[in-house]
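So the sequences go chain by chain: A and B. Heads up, the first sequence is in the UniProt record's numbering, so the first residue is 1 and it goes up one at a time. Heads up, the second sequence is in the UniProt record's numbering, so the first residue is 1 and it goes up one at a time.
It is worth saying that the hints were derived from the structure and are not from the lab. Among these hints, one or two may not hold up.
When chains are identical, the list treats them as one kind, so a pair holds in a single copy or across two.
In silico DSSO-like pairs for lysine-lysine, Cα to Cα no more than 27 Å straight-line [as the list claims (entries may be wrong)]:
#: 1; residue 1: Lys212; residue 2: Lys118
#: 2; residue 1: Lys140; residue 2: Lys118
#: 3; residue 1: Lys61; residue 2: Lys212
#: 4; residue 1: Lys61; residue 2: Lys140
#: 5; residue 1: Lys128; residue 2: Lys140
#: 6; residue 1: Lys39; residue 2: Lys118
#: 7; residue 1: Lys39; residue 2: Lys128
#: 8; residue 1: Lys209; residue 2: Lys61
#: 9; residue 1: Lys39; residue 2: Lys209
#: 10; residue 1: Lys118; residue 2: Lys128
#: 11; residue 1: Lys212; residue 2: Lys140
#: 12; residue 1: Lys32; residue 2: Lys118
#: 13; residue 1: Lys128; residue 2: Lys209
#: 14; residue 1: Lys140; residue 2: Lys32
#: 15; residue 1: Lys61; residue 2: Lys32
2 protein chains.
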Amino acid sequence: MRRLFSDELNDLHARFSEMGMMVNEAIFDSVKAFVNHDKALAHSVIDNDYHINRREVDLEKRSFEMIALQQPVTSDLRMIVTVMKASSDLERMGDHAVSIAKSTIRVKGETRVPEIEKVIAQMAAAVKEMVEQVLDAYVKEDAEAARQIAEEDHGINDFSSQIYSLCIDEMTRDADTIVGSMDYMLVSSYLERIGDYVTNICEWILYLKTGKLLELNSNAKEDGF
Amino acid sequence: MRRLFSDELNDLHARFSEMGMMVNEAIFDSVKAFVNHDKALAHSVIDNDYHINRREVDLEKRSFEMIALQQPVTSDLRMIVTVMKASSDLERMGDHAVSIAKSTIRVKGETRVPEIEKVIAQMAAAVKEMVEQVLDAYVKEDAEAARQIAEEDHGINDFSSQIYSLCIDEMTRDADTIVGSMDYMLVSSYLERIGDYVTNICEWILYLKTGKLLELNSNAKEDGF
Chain A
1 MRRLFSDELN DLHARFSEMG MMVNEAIFDS VKAFVNHDKA LAHSVIDNDY
51 HINRREVDLE KRSFEMIALQ QPVTSDLRMI VTVMKASSDL ERMGDHAVSI
101 AKSTIRVKGE TRVPEIEKVI AQMAAAVKEM VEQVLDAYVK EDAEAARQIA
151 EEDHGINDFS SQIYSLCIDE MTRDADTIVG SMDYMLVSSY LERIGDYVTN
201 ICEWILYLKT GKLLELNSNA KEDGF
Chain B
1 MRRLFSDELN DLHARFSEMG MMVNEAIFDS VKAFVNHDKA LAHSVIDNDY
51 HINRREVDLE KRSFEMIALQ QPVTSDLRMI VTVMKASSDL ERMGDHAVSI
101 AKSTIRVKGE TRVPEIEKVI AQMAAAVKEM VEQVLDAYVK EDAEAARQIA
151 EEDHGINDFS SQIYSLCIDE MTRDADTIVG SMDYMLVSSY LERIGDYVTN
201 ICEWILYLKT GKLLELNSNA KEDGF
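Please model the entire structure based on the sequences and the hints provided.
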């Protein structure tokens with residue numbers, strides 16, 4: 001029985017990590033589509049979100065059944081609860097990728113600002129790295145890495161502030177960039193939110209290791225603008 | 001033993017509902033502060049968020065211990081898992097109230113647009129009603145109400161679209177309103193996000209009743225702009 005249970009637990013972890021990679025790809029593709037004005041890619045991000053949502057449902061169901069049927073010991077229970085919690089965060093990160101994809105589709109060829117798009121691409125690269133790091137820290141149950149990754153969220157918020165200032169300057173200088181700049185602001189706010197979800201997952205990793213729920217960056221959160 | 005457990009479960013529900021009311025108050029106060037330019041009230045929203053966060057930690061701890069120590073039957077387990085999940089949503093709704101409060105503090109007396117502020121106040125009133133309804137539906141475990149409340153999120157997204165258009169018009173007409181309009185957009189995006197979290201809680205109520213995780217409004221989500 002215990003052997004079977006540990007197999008199930010490994011399987012749960014593997015499926016969670018896989019979901020993380022699906023979400024990371026969605027984020028990467030959504031920003032690529034936005035920066036390259038690639039509506040076909042944006043549509044594929046929206047279509048693929050279905051699979052991310054199904055994976056959350058699958059993880060939820062498996063986790064619940066493992067708890068209900070196998071009554072795991074405390075340390076195992078904590079792992080399962082972590083998957084339940086963190087998979088919701090991943091799913092919502094996927095929703096934000098969809099929002100970015102929708103911004104791409106909505107764009108109607110208004111004046112664009114390459115300088116701001118460059119910063120958005122940098123911000124997206126930083127977010128992508130955070131997502132990859134947090135998935136790695138999760139697999140390794142590395143609490144120290146989780147703390148460090150959460151710290152990186154400050155850098156994401158700095159990108160937000162930078163994009164905010166650039167948009168204000170640009171809109172003031174040239175009214176033709178107003179519609180486009182609003183989109184830049186929204187995309188930047190979605191990326192910032194993804195960074196917040198990564199911080200949440202960092203909190204779950206600490207929870208897994210310590211059994212304590214700590215709020216990392218509680219004052220830094222949402223501080224981008 | 002069962003009697004004790006049912007007491008604990010009732011206590012858990014009561015504490016969750018109480019958390020919901022704390023969050024509802026935070027949202028209400030944050031928008032009130034924003035519309036009335038009341039920085040003192042905005043500061044109190046930020047300070048009170050500490051108590052919301054502590055309550056989530058408390059619910060998390062109690063839920064976990066109930067599962068670990070009492071090994072509840074499936075239906076009770078589902079209730080506890082729902083509290084664990086939905087309390088995270090409430091906590092993040094509180095974070096968005098903090099974001100709105102921070103927008104209020106950031107405001108530096110730039111030109112304001114009463115017409116847009118009026119729509120924001122209407123949007124906030126609609127969100128507040130949704131939050132109250134979802135807390136009520138949760139207490140009554142009313143799946144039908146949960147479905148209807150999730151439908152109301154379309155109305156919230158319509159407010160977002162309306163605010164978006166008004167901001168674009170206003171910024172194009174008068175560059176002095178650009179900084180203020182960006183804030184309007186952000187506050188509207190926070191309120192929209194709170195509506196999404198209410199929809200998540202609706203999903204947990206359905207989960208509680210049916211054992212199935214359904215995504216309500218999956219295509220409608222994030223559709224505001």
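A quick look at each hint next to the structure:
1. In this homomeric assembly, Lys212 and Lys118 never come within 27 Å of each other (Cα to Cα): the closest approach is 39 Å inside a single copy and 43 Å across copies.
2. With identical chains, the CA atoms of Lys140 and Lys118 are never at most 27 Å apart, being 33 Å at best within one copy and 50 Å at best between copies.
3. Taking identical chains as interchangeable, the C-alpha atoms of Lys61 and Lys212 lie at most 27 Å apart whether they share a chain (25 Å) or sit on different chains (8 Å).
4. For the identical chains of this complex, Lys61 and Lys140 are neighbours both inside a copy (24 Å) and across copies (24 Å), given an alpha-carbon limit of 27 Å.
5. In this assembly of identical chains, the alpha carbons of Lys128 and Lys140 lie at most 27 Å apart only when taken from the same copy (19 Å versus 42 Å across copies).
6. Within a single copy, Lys39 and Lys118 get their C-alpha atoms as close as 19 Å, which meets the 27 Å cut-off; across copies the closest is 35 Å, which misses it.
7. For the homomeric pair Lys39 and Lys128, the shortest alpha-carbon distance inside one copy (21 Å) is at most 27 Å, but the shortest distance between copies (36 Å) is not.
8. In the homo-oligomer, the alpha carbons of Lys209 and Lys61 lie at most 27 Å apart both inside one protomer (24 Å) and across protomers (15 Å), since each shortest distance falls under that limit.
9. With identical chains, the CA atoms of Lys39 and Lys209 are never at most 27 Å apart, being 42 Å at best within one copy and 39 Å at best between copies.
10. Taking CA atoms no more than 27 Å apart as the test, Lys118 paired with Lys128 passes inside one copy only; the shortest distance there is 15 Å, against 38 Å between copies.
11. For the homomeric pair Lys212 and Lys140, the shortest alpha-carbon distance inside one copy (18 Å) is at most 27 Å, but the shortest distance between copies (31 Å) is not.
12. Taking the closest pair of Cα atoms, Lys32 and Lys118 come within 27 Å of each other only inside a single copy of the chain (11 Å); across copies the shortest separation is 37 Å, beyond that limit.
13. With identical chains, the CA atoms of Lys128 and Lys209 are at most 27 Å apart within one copy only, with a shortest distance of 24 Å there and 37 Å across copies.
14. In this homomeric assembly, Lys140 and Lys32 never come within 27 Å of each other (Cα to Cα): the closest approach is 29 Å inside a single copy and 45 Å across copies.
15. Taking the shortest Cα distances, Lys61 and Lys32 never come within 27 Å of each other, neither inside one copy (33 Å) nor across copies (41 Å).
In this structure, the earlier hints numbered 1, 2, 9, 14, 15 are contradicted, and the remaining ones agree with it.
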